[in-house]
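Visitor: Sequence:
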Amino acid sequence: MTQSRTVVSKAPARGPGGSRRGPRRPGKAAAALPGLSRERIVEAALALVADEGMAGLSYRKLGERLHCEAMSLYHHIPSKQHLLDAMVDQAVDSVAEAPAGLSPIERLRHLAHAYREMAHRNATLFPLIALHRLNTPAGVRFIERVLRAVHDVVRDEEKAARHFRAFGYYLMGAGLDETSGYAKGPTAAEPVDDAYIAAHCPHLVAAARFFGRDQWDATFELGVEALLAAMARDAPDAAA
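Numbering (the working numbering), first residue to last: 1 to 240.
It should be emphasised that the hints constitute simulated quantities derived from the structure, not laboratory data. A few of these clues could be false.
Stated by the list, open to error - Cβ pair distances, simulated, as ranges:
hint, residue 1, residue 2, range
1, 194, 215, 17 to 27 Å
2, 162, 183, 25 to 35 Å
3, 182, 35, 38 to 48 Å
4, 134, 185, 36 to 46 Å
5, 131, 51, 14 to 24 Å
6, 131, 183, 42 to 52 Å
7, 51, 219, 22 to 32 Å
8, 232, 40, 38 to 48 Å
9, 82, 148, 25 to 35 Å
10, 229, 143, 43 to 53 Å
11, 226, 123, 32 to 42 Å
12, 187, 234, 35 to 45 Å
13, 198, 94, 15 to 25 Å
14, 209, 144, 35 to 45 Å
Computed from a prediction, not measured in an experiment: that's the story for all the values here. For every residue, glycine included, the Cβ atom is placed at its ideal position computed from N, Cα and C.
Please build the complete structure, drawing on both the sequences and the hints.
Guide: So this is what it looks like as structure tokens:
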């Protein structure tokens, strides 16, 4: 025989002054932690991506790095997309400004090398940086900064726009190639061997020694100088 039970219902707890307190609502984000900031979260995210790649980026892992609950991060950055935007913003903001006193062409040269340095500092993030639309306030300011630098050399609006695009093509392409490009890309199921290349591709054999990492600086500078020379030819005083 089943023994009957008397169920005693508990009255809701009363707060100060005798008012009833309802139960705590589930699903609320944890309170923002003192010392946790947007800047700290972005720095931790950049470090996490540098260590584990883009696939390793999650709020849970960020929380572990910052010694907080993942939900606390949402008080500062409301979604992963906002986090990616902030990471790209920080990367482009880090492209160093040219020192005072440089000529317009020298400023562009400095900008090209500073952008390349940013790509290498953020190698695992750079594929996103290169393809992410720069349509945040920081992003459009960076675009304006580069356009202004080009326009300081090339005053014609159409020519300046085209030089800006060519400059961007080169910097993004070089950055992608050096950080995650050909040498790290997928390979054929049955790649040819050195004997095949030696027998059929004499120009590739001759050029191969200039493709190594130790040759990147010279190759990058060759391309940048060609672009700068083309801009200089379109400067208003080029015929003088």
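Visitor: Do the Cβ positions of residue 226 and residue 123 conform to the proposed distance bound of 32 to 42 Å?
Guide: Distance hint for residue 226, residue 123 is violated at roughly 25 Å.
Visitor: Given the hint of 35 to 45 Å, check if residue 209 and residue 144 actually sit that far apart at their C-beta atoms.
Guide: holds, 41 Å
Visitor: Note whether the CB distance of residue 182 and residue 35 lies within 38 to 48 Å or breaks it.
Guide: holds, 44 Å
Visitor: Do residue 232 and residue 40 keep their Cβ atoms within the hinted range of 38 to 48 Å?
Guide: Given a distance of about 44 Å, which is inside 38 to 48 Å, the answer is holds.
Visitor: A range of 15 to 25 Å was offered for this pair. Does it hold for the Cβ distance of residue 198 and residue 94?
Guide: At 44 Å between Cβs, range violated.
Visitor: Does the Cβ-Cβ separation between residue 82 and residue 148 fall within 25 to 35 Å?
Guide: holds, 28 Å
Visitor: Lying within 42 to 52 Å: is that true of the beta-carbon distance residue 131 to residue 183?
Guide: violated, 20 Å
Visitor: Can the suggested window of 35 to 45 Å be confirmed for the beta-carbon pair residue 187 and residue 234?
Guide: The hint (35 to 45 Å, Cβ to Cβ) holds, given that residue 187 and residue 234 are roughly 41 Å apart.
Visitor: Is it true that residue 194 and residue 215 lie within 17 to 27 Å of each other by Cβ?
Guide: holds, 19 Å
Visitor: At the C-beta level, are residue 162 and residue 183 separated by a distance inside 25 to 35 Å?
Guide: Given about 31 Å between the Cβ atoms, the range holds.
Visitor: Honestly, do residue 131 and residue 51 meet the 14 to 24 Å range at C-beta?
Guide: holds, 22 Å
Visitor: Using the beta carbons of residue 229 and residue 143, state whether their distance is inside 43 to 53 Å or not.
Guide: Check failed, 23 Å falls outside 43 to 53 Å.
The structure does not agree with the numbered hints 4, 6, 10, 11 and 13 stated previously, though it agrees with the rest.
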